[in-house]
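> If you want the building blocks of each chain, they are given just below.
2 protein chains.
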Amino acid sequence: MAFNAKIRVTLRKSILDVQGKAVHQALGNLGYNDIDSVRIGKYIEVHINEEDIEKAKKITDDICHKLLSNPVMEDYSYDLETI
Amino acid sequence: MAFNAKIRVTLRKSILDVQGKAVHQALGNLGYNDIDSVRIGKYIEVHINEEDIEKAKKITDDICHKLLSNPVMEDYSYDLETI
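Residue numbers (our numbering), protein chains in the order written: chain R, 25 to 107; chain A, 25 to 107.
Everything labelled a hint here was simulated from the structure, so no lab data went into it.
Please note: incorrect hints may appear among the correct ones.
Repeated chains share a single entry, so a pair holds when one copy, or any two copies, can fit it.
Said to hold, decoys possible - Heads up, simulated DSS-like pairs for lysine-lysine below, C-alpha to C-alpha not over 30 Å straight-line:
1. Lys45 - Lys79
2. Lys79 - Lys90
3. Lys82 - Lys45
Could you build the full structure based on these sequences and the hints that come with them?
So, in structure tokens, the structure goes:
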């Protein structure tokens, strides 16, 4: 058994998302005026070869803290799927 | 009423994910040897000011096709949440 961690890393709400603003403006230029805001982050899928879900959670939290997200500016969330 | 579109844009499985490979290697160097693969994509949250869910879906598919993903190399999927 293994797990697929579907991780979302996003800028903290308090931080200006310059990339999101640029895309929001581009969508406005394309005529999509019903869009209030756009925020852009990273989507990371990690296949973890682990039997126990608690250990898989621990590995996922560890790698998010240490490498995949910047705890100063970013938040992360994830779903674990058995495969 | 409005909708929050949570969009995931990922490289097609057939395409080599160079970024994912680099992160996979870095995790191995940090001692995480239980990880089989890492694939990295974009996570985009779009607030859509629309009452009707079918129209919100149409807008989301449109903006994914026209701007947020590259149909030649990327796939997209999304969830619509009422807010």
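> None of the hints should be skipped; say for each whether it holds.
Okay, the hints, checked on the actual structure:
| no. | hint | in the structure |
| --- | --- | --- |
| 1 | Lys45 - Lys79 | between (38 Å within a copy, 23 Å between copies) |
| 2 | Lys79 - Lys90 | within (16 Å within a copy, 41 Å between copies) |
| 3 | Lys82 - Lys45 | between (34 Å within a copy, 22 Å between copies) |
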